[in-house]
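Position chain B against the provided structure of chain A, taking the given hints into account.
Chains as they are written, first to last, in this note's numbering: chain A, 12 to 224; chain B, 1346 to 1479.
Think of the hints as simulated: they come from the structure by calculation, not from any bench. All values reported here derive from a predicted model rather than from experimental measurement. Check before you lean on any hint, since a few could be wrong.
[Unchecked claim] Counterexamples of contact, computed for chain A against chain B with all Cβ distances above 12 Å:
#, residue
1, 80
2, 108
3, 154
4, 162
5, 172
6, 174
7, 198
8, 224
[What the hints assert, rightly or not] In silico EDC-like pairs for lysine to aspartate or glutamate, Cα to Cα no more than 16 Å straight-line:
#, chain 1, residue 1, chain 2, residue 2
9, B, 1416, A, 106
10, B, 1478, A, 80
11, A, 118, A, 142
12, B, 1419, A, 106
13, A, 136, B, 1400
14, B, 1416, A, 108
15, A, 136, B, 1474
16, A, 89, A, 211
17, B, 1478, A, 109
18, B, 1464, A, 196
19, A, 125, B, 1407
20, B, 1464, A, 106
21, B, 1419, A, 80
22, B, 1419, A, 108
23, A, 121, A, 139
24, B, 1464, A, 108
25, B, 1478, A, 108
26, A, 136, B, 1465
27, A, 90, A, 80
28, A, 90, A, 57
29, B, 1419, A, 109
30, A, 81, A, 109
31, A, 125, B, 1406
32, A, 125, A, 140
[As the list claims (entries may be wrong)] Simulated restraints, written as ranges between beta carbons of each label pair:
#, chain 1, residue 1, chain 2, residue 2, range
33, A, 86, B, 1386, 27 to 37 Å
34, B, 1478, A, 224, 20 to 30 Å
35, A, 151, B, 1470, 15 to 25 Å
36, B, 1416, A, 122, 17 to 27 Å
37, A, 191, B, 1475, 55 to 65 Å
Virtual Cβ for every residue (Gly too), placed ideally from N, Cα, C.
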Amino acid sequence: MVANIIKNFFRRIFSNIFKQKKELKLGFYGPPNAGKTSLANRICKDFTGKEIGTVSKIPHETRNVQFKEKVEIDYKGKKMTFKIIDTPGIATKIDYEDFLKFRLNKKDAKVRAKEATQGVIESIKWLDDMDIVVIVLDATQNPYNQVNITIIGNLVARKIPVLIIANKIDLRKANIKKIESAFPEYDVVGISARYGKNLEEFYESVFKLAKNV
Amino acid sequence: MVKKKSLGKIRGFSMQFLPYSEIRGLDSSQRIRKILNIVLGNNILIIQGRLQPGEETRLIEDTMAMIGHVKNFKGIELAVISGNGNGGVFRNFRSNIVNAIAGGDIGALTIIGPATIVKEIKRNPRKIELLLKR
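With the rest of the complex left out, here is chain A:
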């Protein structure tokens, strides 16, 4: 009996040591301007003190995959270490003329468009490397977008756990129910990355998914 207790005690200690060393790759995917970088920034700022990237109203602000390693998230006394990977928004079309509306000159708009196309390719290439993926959607937009369905279809095929985030719930036009009915097989968590609203539920869902990885 005493021997069993001692054995279990050491087993627990050793398993905890190895568990804590494991770093899960947490990817942020979704269409442009959904708030992927805003959410990644919020997490990184809260747990490392530094942001991961810049945000902008102009689509395709993130045009390279950017990551932060060893981000230890502490939620309700539980700790898990993640590599946070923020990816460029995935789109099926990119027109430099769309950037001119944001007062970019023609030359800069063309450069931005070129970099954005490369960013989309890079995002797709990184899909294979993820342990968990958070799909960030703009809750004010129509979720029945083929890009969203394509990303989720690929994650299912790769058996990568998925969490769907309905971002921008602080806005009046936000509609979480529409996202829930578009993706009934998945957990949908409504948040506001900008104001840090409902992040508790987000962390809880991430921890729940991480346990099964």
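Same frame as chain A, but now just chain B:
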């Protein structure tokens, strides 16, 4: 005086239908090449069936690689219409068998159009709208 409202000009385009039998025997690269060749000819393509998830991402990657390299090409609009799988256990089982025999989801339809012609493909559970550029 009442000013006449102009409807504007709708640019020329054509629609092509590709039955599943036309792509069944092709590998992923050949399928995507065939699709992009049709779309680059300013055609809106309707495919019987749907691509594999990996083929859909490959299509997006190849599309992105072509923007800036092919004159006036700005990408594609893409939508897949398929059953939602809520037809009950027996019906789903039956459609799975049919799909397995056919070698793909032939009950689905895939619409692909060049972004220079197709402004948006609006979807919701009840309808699909193809909005064209003038």
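Note to self: Hint compliance check: list the failing hint numbers for this structure, sorted ascending.
What the structure shows: Checked against the structure, the hints that fail are numbers 2, 3, 4, 10, 11, 15, 18, 21, 23, 26, 30, 32, 33, 34, 37, while the rest are satisfied.
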